[in-house]
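Put chain B on the given structure of chain A with help from the hints.
Going down the list, the sequences are from chains A and B. Going by our numbering, the first sequence opens with residue 1, and the numbers climb by one from there. Going by our numbering, the second sequence opens with residue 1001, and the numbers climb by one from there.
Source of the hints: derived by calculation from the structure; they are not laboratory data. A quick note: this is a predicted structure, and the numbers were derived from the prediction, not measured. Just so it is clear, CB atoms sit at the ideal spot from N, CA and C, and this is done for glycine as well. Treat the hints with care, since some could be wrong.
Rough simulated footprint, nothing fancy, chain A against chain B, three-plus residues with beta-carbon under 8 angstroms [as the list claims (entries may be wrong)]:
id, stretch
1, 1147-1159
2, 1346-1357
Okay, derived cross-link-like pairs now, PhoX-like style, lysine-lysine, Cα gap no bigger than 25 angstroms in a straight line [claimed, not checked]:
id, chain 1, residue 1, chain 2, residue 2
3, B, 1109, A, 277
4, A, 150, B, 1111
5, B, 1304, B, 1470
6, B, 1111, A, 277
7, B, 1473, B, 1431
8, A, 277, B, 1193
9, B, 1154, A, 277
10, B, 1436, B, 1334
Pulled from the structure, derived: some chain B residues nowhere near chain A, Cβ distances all over 12 angstroms [what the hints assert, rightly or not]:
id, residue
11, 1058
12, 1108
13, 1112
14, 1141
15, 1233
16, 1269
17, 1297
18, 1298
19, 1340
20, 1400
21, 1432
22, 1481
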Amino acid sequence: MNRVLVVAGLLLTCMAGPILAQRPEPGPANPFRGKPEAVHEGETLYAERCTGCHGPNGTDGEIGPALVSGERADFGTTDGQVFNTIKNGIPGTPMGPQKLADDEIWKIATYIRALRGTALDNPLPGDAAHGEQIFWGKGQCGTCHMMGGKGGLTAPDLNNIAGTRKASTIIDALTKAQHHEYGSGGAHLKSLPSMESYLPVHVIAGDGKVVDGILLNEDGYSLQVMGNDQHLYSLDRARMRSVVVQPKSLMPTDYDKRLTPEEFKDLLAFLTRQGTKPPPPTPGRGGPPRGDDQ
Amino acid sequence: MNFRNAIFAGLLLVGISSLTTAQVPTTDHPNPDPKDWPTYAGTDSGQRHSPLKQVTAANANRLQAKWVYHMDGANGMEQVPVVVNGVMYISQFNRVDAVDARTGSVFWKYKRPPASGTPQRGTAYYNDKVYMVTTDSHLVALDARNGGVRWEAKSEGGYFLAGGAPLIADGKVIVSGNRPDGFVQAFDAETGKYAWTWSAVPKPGEPGYETWGGAKPQGGPMWMTGSYDADLNLLYYGTGQPNPQWTGFERPGDNLYTDCIVALNADTGKLVWYFQNTPHDVHDWDSTETMVLVDAPFKGQTRKLLLQANRNGYYYVLDRSNGQFLLGTPFVSKVDWADGLDSKGRPIVIPGHEPSVRGTETCPSTAGATNWPAPAYSPDTKYFYVTVAEGCGINFITSSTAPDAGTGYIETANAPWQAYVRALDATTGKKIWEYKPVRSNHYGPGLLSTAGGIVFVPEQFGQVTVLDAKSGKPVWHFNTGDLITASPITYSVDGQQFFAIASGTNVFAFGLQEVNP
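One chain only, chain A, in its complex shape (with noise of 0.2 angstroms):
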């Protein structure tokens, strides 16, 4: 946290430049926002262009802050701010002027601010109310994932999702079986991909007792598992007569098949609602006051 605030601390240094204690301006206004090419396109420069110093995916590299950040974090810089930085540079650091073609500059700035945030900043369009309907019927979500307090066991609690993944995420999940996960800000999350999760596994107890569930965790000695019969294990490795860990898990990643188009768009829709803005940050230490327990 404390790099994110020096990070944060710095950037904003800069953008004020020689107008010290004022607000920067807001900058030109852009005029791809919210166009999907235009953040591809964006990526594709951003890979070219700005990688070696910011990192891939804007997470911080060897010269360069961080763009995003691990968690969610909104830096408070307009698009025209960050077309600004890029065109001009900022004077007296490595950032120098990038010599662009504005629409290119603008497709930078278009994926960069794509990049921060999650779906619940940018919902799909789509009927969400026939999309959770989708989700508990004919898309059997719910057999495997809680919503809303109720659903099955065995997967993640999708309540806060939008909350947590970008729309880009979301749909990968859906529809393809080897995918990154891009969360809050951006960054890669230091989670192994979704589908070699989740696994399921077939225990047989030196006593021959058959466990069947979830894989949730294990090492070299132990595992924790979600059994079928919705109890948690914890099943010593030495103590087991067989175990067997299916290569992938149960999710199944053909709903752009298994659905028509309008129901797709519709669960999308949904899913990409499903979660809490998290409160604006309180100033100072944060948290509430604990009560005077000194």
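Relative to chain A, chain B alone:
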């Protein structure tokens, strides 16, 4: 989906259908399964005593660390984990990690934005749910099996929840807080439906309002978990100091219901009785210290007792059915602000101890003769074990005429603070033995007693020590390497008794060497 997966999915569906069957509470907090530690104090009684006895004073020297769980992003943890059915729930504000209590490996994690490093004091388990409070004053019920959100509710009426662990009573989740004034609130444990609020300060026209001399009643923060007697259906909570905190001339009177032990009807939240430890407090002697409920003979008659070592330096024995004062005696060597207690338990105040511009020395200090670190009671020894702080403080104000001019307090140079762990005879308050945690000067961690005849004693500077419950002699110790500001627990998995304590940002678990090596 291949054939095998299809079979698996079928099994899943069978399993899930069991969710729809009626669920019975899996935990009975008055007498939980001894292997579990489902609530802040282990049981509703606040005794922090476990019937587990695999570890004794004779074999405690064979204790060893079994695992350590690091909670990344945490600050000095004050939380007391809860353990049910071999799963440990470790918490911070907005976060619960469910950990294999046998190995320390994670089952699941729940996080709610924003990330917070602010310590809170724990969760409560009931009927397959874990209850937590958040920094934005929500109460969240998590499914104990996967961390899914079963329901969440915002505190009612503009009250803001503090970080005390929730308490389960009468099918309700009981939470409390300090803002705008002390309060207790109850929600249905199954649905999250709001039930009632009790306010520590009265409104105009309500009983107690007349004790403020016309001033607006303020304060009474309630930042600690209470205790519960299911037979009497009474909740016991402590309230904190009146406001302004260090000056009293603006609020002449006793300032009810601040610095009180209160008994509330768990169904309605109505006040049944109160006992005020420190009327008209100007030293911030909150009465929030854990209330220990014990059925024991008092002067030849078995009574339902409530025991509390109070921040003001007195150890109290009350009849918890009606609030009757039975006994009050100092449990630290120097209490100079009162010349004892009268027959009703009211302190006979010695004038001249109000905070002043030049500073006024008072013993004990504002930090208290004891504070929130939990005491313990053993029904075997009938001793009340408590961490105490000997020493005095100097309280200051910046003006003798301006309202709310207090600035706080410092430790005195001539009566510096030193922590002790003391065993008191529970019904007389007489000191039986004491143990000195060397270097510990501030109020330290809480305590734990077990049927194995030991007291588990973490120390401020990171040592954990096991004492013989009868003699107070240390029989084992371990350096955790960080400051400890939490209370220990004990539980059992697969025939192994464990002890656990949060130290800094880690939770340590200990057990005997040769069991489940």
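To see whether the hints hold, each was checked on the structure:
no. : hint            : result
1   : 1147-1159       : holds (count 5)
2   : 1346-1357       : violated (count 0)
3   : 1109/B x 277/A  : holds (19 angstroms)
4   : 150/A x 1111/B  : holds (18 angstroms)
5   : 1304/B x 1470/B : holds (24 angstroms)
6   : 1111/B x 277/A  : holds (13 angstroms)
7   : 1473/B x 1431/B : holds (15 angstroms)
8   : 277/A x 1193/B  : holds (23 angstroms)
9   : 1154/B x 277/A  : holds (15 angstroms)
10  : 1436/B x 1334/B : holds (17 angstroms)
11  : 1058            : holds (28 angstroms)
12  : 1108            : violated (7 angstroms)
13  : 1112            : violated (7 angstroms)
14  : 1141            : violated (8 angstroms)
15  : 1233            : holds (27 angstroms)
16  : 1269            : holds (20 angstroms)
17  : 1297            : holds (34 angstroms)
18  : 1298            : holds (31 angstroms)
19  : 1340            : holds (27 angstroms)
20  : 1400            : holds (23 angstroms)
21  : 1432            : holds (28 angstroms)
22  : 1481            : holds (22 angstroms)
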